[in-house]
Structures are given as C-alpha cells and as structure tokens.
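Input sequences plus hints: build the corresponding full structure.
For the sequence shown, the working numbering begins at 1 and goes up steadily by one.
Any given hint could be a false lead.
Stated by the list, open to error - Between beta-carbon pairs, the in silico distance windows are: (1) Glu-124 <-> Arg-178: 36 to 42 Å; (2) Glu-114 <-> Glu-144: 42 to 48 Å; (3) Asn-146 <-> Glu-126: 30 to 36 Å; (4) Val-256 <-> Arg-178: 17 to 23 Å; (5) Asp-232 <-> Lys-118: 41 to 47 Å; (6) Glu-124 <-> Val-256: 20 to 26 Å; (7) Glu-140 <-> Ala-196: 15 to 21 Å; (8) Val-190 <-> Ala-217: 34 to 40 Å; (9) Leu-128 <-> Ser-179: 25 to 31 Å.
Claimed, not checked - Cut-off 30 Å, straight-line C-alpha distance, at most; resulting in silico cross-link-like pairs (DSS-like, lysine-lysine): (10) Lys-267 <-> Lys-165; (11) Lys-129 <-> Lys-246; (12) Lys-165 <-> Lys-129.
No lab work stands behind these hints: they were computed from the structure. We put the beta carbon where it would ideally sit given N, CA and C, even for glycine.
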Amino acid sequence: MAKRKPEDPPAGLAPWMATFSDLMNLLLCFFVLLFSMSSISEEKYNQFVASMSSAFSILDGGATAIGDGILISNGVSQLNELDQYINSTGKNADSDTDSDQFEEFEANGDAQEELFQKMQEVLEEENLKQNEEVAERITEIVNEGNLGEQIDVNFTSEYILLSLKGAFLFDSGKAVIRSEAYPALERVGVILERYAGSVIEVEGHTDNVPMHNAQFANNNELSSARALSVFDYLMENTSLDPAMIKHSGRGEYVPVADNGTDAGRAKNRRVEIRIYNPAV
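So, in structure tokens, the structure goes:
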C-alpha cells in the first residue's frame, strides 16, 4: 500500500513570526533607550538623584532607595524629626488654612441649619393657622347638629382631631355602632367629604379595665373592631376613597385622662378621627 503523501505546509510565514518580530522591535527600542540614558551628563544625573531622594526620603534621617536600597529605614528615629519636617514643608500653615476653611464651612452649615429651622417654624405657624380655621368651621357644623357633647374638636399643626365618645357610639364591650349614633356619624361623614383629599385616620381607644368576652380577647381587639366599624360605616355612607383612610386600634395604651376615676375612664373610651393637613 502506498504511503500517504504529507500535506504541503501553508503558504506564507508561520503565525508566530509576527509576534516574534514585534518582540524583537520592542527589545531593540529598549536597548536604544538604555544607551541614551548611559550618555546622560553627570549634572543631569545628579539632579535626577536629588529629585529621587526628595521623593523617597520622607525625613532627613531616612535612607533612600538609591543610596541604601531600602525605601525607609530607622523609622522610629525619624519620629523626632516629624514636627520639624511639617514646619519646613509648611504643613502647619496648610493646617491653619484647613482649620479656617472648616470653621467657615461649619459656620455656613450652622447658618443653613438656622435658616432651615426658621423656615420650619414659619411653615408650622402657617399650618397651625390653617388647621385652626378648619377646626372652627368643623366646630360650627358639630354645634349645628347639637353634637358638642358627643364630639370634641381639637387641632395641631399636623391635623384636626375629632374625638367621638365611646359610650355614645357603642355599648359596653361591643363593637356594633348604636343606632342612636347614626345621625352623628352621618354629620361626621359630611365633614370628612369636604376634606376628601386629606389622609384620614380612624383610631379606637379603650380604658385600662381588662377586657375578655366571647368575641374579644383583650382591649386591643375591641379597639381595633370599633375603629373598623366606623371605617365600614364611612365606606357605606360616604364617597370617601378607602385608600385615603387608615384604621387601627390602640387599646388602653394612649389614655387622655386618668384611668383611676370613672370620668377619666369614660374619656379614654373613644374613637378618634384625624384629618391630616396635606401641606404637612
């Protein structure tokens, strides 16, 4: 059987020859560079050494990379020269400048903070004034319905507060709204619809008398159920957006009066409705 004829080598130079040629060119340039440096004048060489010494010797007592082959030596002994070195390089002056700049920056920051606080005070006063006017209008509506004894109206710079007496809304230990309270809640709904663009919060509160019956295990559950009952009434009888209304129960943990007296406990049993100022 005849032997297979070997394939002809590819035409042209081998691929590695291009890389080898580039390497040779780089080596040639490198040796030319070394030759040019060897012909440098003594004066330029001394300048070069001086500049390198200045760069690598941090202090006068430190060895240089050129002199001893060590970047920094005798570091402990150099600490004694640190203050002298700082003074000679003008770092103290720079430090004073930095300190002045920091004090100026701090003063500007204090001024900005003071301005911000004044702006907050002005806004708070404006919000307080607006909420006072709204609270006065709501009080007029409440009084027109002869509901002043069942609904208290107060305000802060953040919200207007309507506090509905718990005994008026619910029977003891119950979360079902009494039918006698419907006219009052209807008027409350009319008030809230006037401020439908505001966030409204419904909170249930109780006294600190332990609560446990077949329906509610504690005051937290009772207060939450009562807040939910008021929320459901508003959803069924007004055009308010449910996304703008929050409801929660706080149990006996946020009293407004002394739980040691009957009158105080009666005040603590309540449902609060907050109308938040949109500007806050």
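Going through the hints against the structure:
1. One distance hint, 36 to 42 Å for the beta-carbon pair Glu-124 and Arg-178, holds here, with the actual separation near 39 Å.
2. For Glu-114 and Glu-144, the hinted distance range of 42 to 48 Å is satisfied, since their beta carbons lie about 46 Å from each other.
3. Distance hint for Asn-146 and Glu-126: a CB-CB separation of about 33 Å, consistent with the stated range 30 to 36 Å.
4. About 22 Å separates the C-beta atoms of Val-256 and Arg-178, a value consistent with the hinted range of 17 to 23 Å.
5. For the pair Asp-232 and Lys-118, the supplied restraint of 41 to 47 Å holds, since their beta-carbon distance comes to about 45 Å.
6. Between Glu-124 and Val-256 the beta carbon distance is about 23 Å. The supplied range of 20 to 26 Å therefore holds.
7. Between Glu-140 and Ala-196, the C-beta spacing of about 19 Å keeps the proposed range 15 to 21 Å intact.
8. Distance hint for Val-190 and Ala-217: a CB-CB separation of about 36 Å, consistent with the stated range 34 to 40 Å.
9. One distance hint, 25 to 31 Å for the beta-carbon pair Leu-128 and Ser-179, is violated here, with the actual separation near 38 Å.
10. A distance of roughly 7 Å separates the Cα atoms of Lys-267 and Lys-165; the hinted pair therefore holds under the 30 Å criterion.
11. Only pairs whose Cα atoms come within 30 Å are accepted, and Lys-129 paired with Lys-246 is accepted, the gap being roughly 25 Å.
12. About 26 Å separates the Cα atoms of Lys-165 and Lys-129, which keeps this hinted pair within 30 Å; it holds.
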